[in-house]
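Engineer: The lines below spell out each chain.
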Amino acid sequence: EAGVVQSPRYKIIEKKQPVAFWCNPISGHNTLYWYLQNLGQGPELLIRYENEEAVDDSQLPKDRFSAERLKGVDSTLKIQPAELGDSAVYLCASSPSLAGGQETQYFGPGTRLLVL
Amino acid sequence: SQQGEEDPQALSIQEGENATMNCSYKTSINNLQWYRQNSGRGLVHLILIRSNEREKHSGRLRVTLDTSKKSSSLLITASRAADTASYFCATVFNQAGTALIFGKGTTLSVSS
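Protein chains in written order, with the working numbering: chain A, 4 to 119; chain B, 34 to 145.
Quick caveat, the hints were computed from the structure, so don't treat them as lab data.
Glycine included, C-beta positions come from ideal geometry on N, C-alpha and C.
Fair warning: there could be bad hints in the mix.
Claimed, not checked - Here are some chain A residues pointing at chain B (derived, C-beta under 10 Å):
1. Ser10
2. Ser30
3. Asn33
4. Tyr38
5. Gly43
6. Glu47
7. Asp59
8. Pro84
9. Gly88
10. Val92
11. Glu106
12. Gly111
13. Pro112
14. Arg115
15. Leu119
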C-alpha cells in the first residue's frame, strides 16, 4: 500500500513569492490534515478535511494561506505571499476515520520550505 | 499552544540500554499516541493508548498512562542505534473531532 505522497520535498523561494504544496493521501482515507512543523517543535495543525470539507481551519492564517481538496482526494496548500517566518516543514497526514484524530494518522515525508 | 510536554528534551544512551520518555498533558483526553520521527522524515505512529487503559505493549515498546496525573511514559527496551530519532506524544481531547495536539518531543540518541 502506498503511503502519503507529498511534493515537492524541498522548496526554496524568495520572500513575497507564492508557493504551493501538494499531498495525495492513502487511498480510501477520508480525513486529511496539513501540519506545520518548526525546527525543534512538534507539528501544529493548520487545517483538517473530512472528504472535501474543511472542518477545522482555525489555525490557518487565512490572510496568506489557503488550501483546497476539491474532489475529496488530493489536496493543495498555498502560501501567497510567503514570509521569512514561513520557513518550516509542511506535513500532510491522512486517516481512515471520519472522527478526526480518534485513530492513527499516517504522515507523508513533508515539504521543507526555505524562504529567503 | 501545544498540549503535551515531553521530558527529557534530549536523551543519550548506549545500545542495549532502556530509554524512558515522559509526557505530561493539561486537559482530559480521549487517547494518547506516541510517534517517532527520524531526521528529515515524516512521523511514524508507534502506539495508541486509550483513556481507559493503563498500560500497553508493542514489541520493545511499553506505554503507560496515568490519567489522574495527566502523564504517560514510553519505555524502549534493549535500544538499538536505529531507535535514534525524535519521539512525540500526541493527545486527542474528549471533544469530538479534535485533531492531534503534539508536544515538542524528546530527541533520543543511541550510540553503538
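Engineer: Could you run down the list of hints and mark each one as holding or not?
Structural biologist: Quick rundown of the hints versus the structure:
1. Ser10: violated (13 Å)
2. Ser30: Violated, because the Cβ-Cβ distance from Ser30 of chain A to chain B comes to roughly 17 Å (cut-off 10 Å).
3. Asn33: violated (13 Å)
4. Tyr38: holds (8 Å)
5. Gly43: With Cβ-Cβ at 7 Å, under 10 Å, it holds.
6. Glu47: holds (7 Å)
7. Asp59: holds (6 Å)
8. Pro84: Violated: closest Cβ of chain B sits about 27 Å from Pro84 of chain A, beyond 10 Å.
9. Gly88: At about 18 Å, which exceeds the 10 Å cut-off, the nearest Cβ of chain B leaves the hint on Gly88 of chain A violated.
10. Val92: holds (9 Å)
11. Glu106: Since chain B brings a Cβ to about 8 Å from Glu106 of chain A, closer than 10 Å, the hint holds.
12. Gly111: For Gly111 of chain A, the interface hint holds, since the closest Cβ of chain B sits about 5 Å away, which is under 10 Å.
13. Pro112: OK, holds: Pro112 of chain A within 10 Å of chain B, min 5 Å.
14. Arg115: With a minimum Cβ separation of about 8 Å from chain B (threshold 10 Å), the hint on Arg115 of chain A holds.
15. Leu119: Interface hint status for Leu119 of chain A: violated (20 Å vs cutoff 10 Å).
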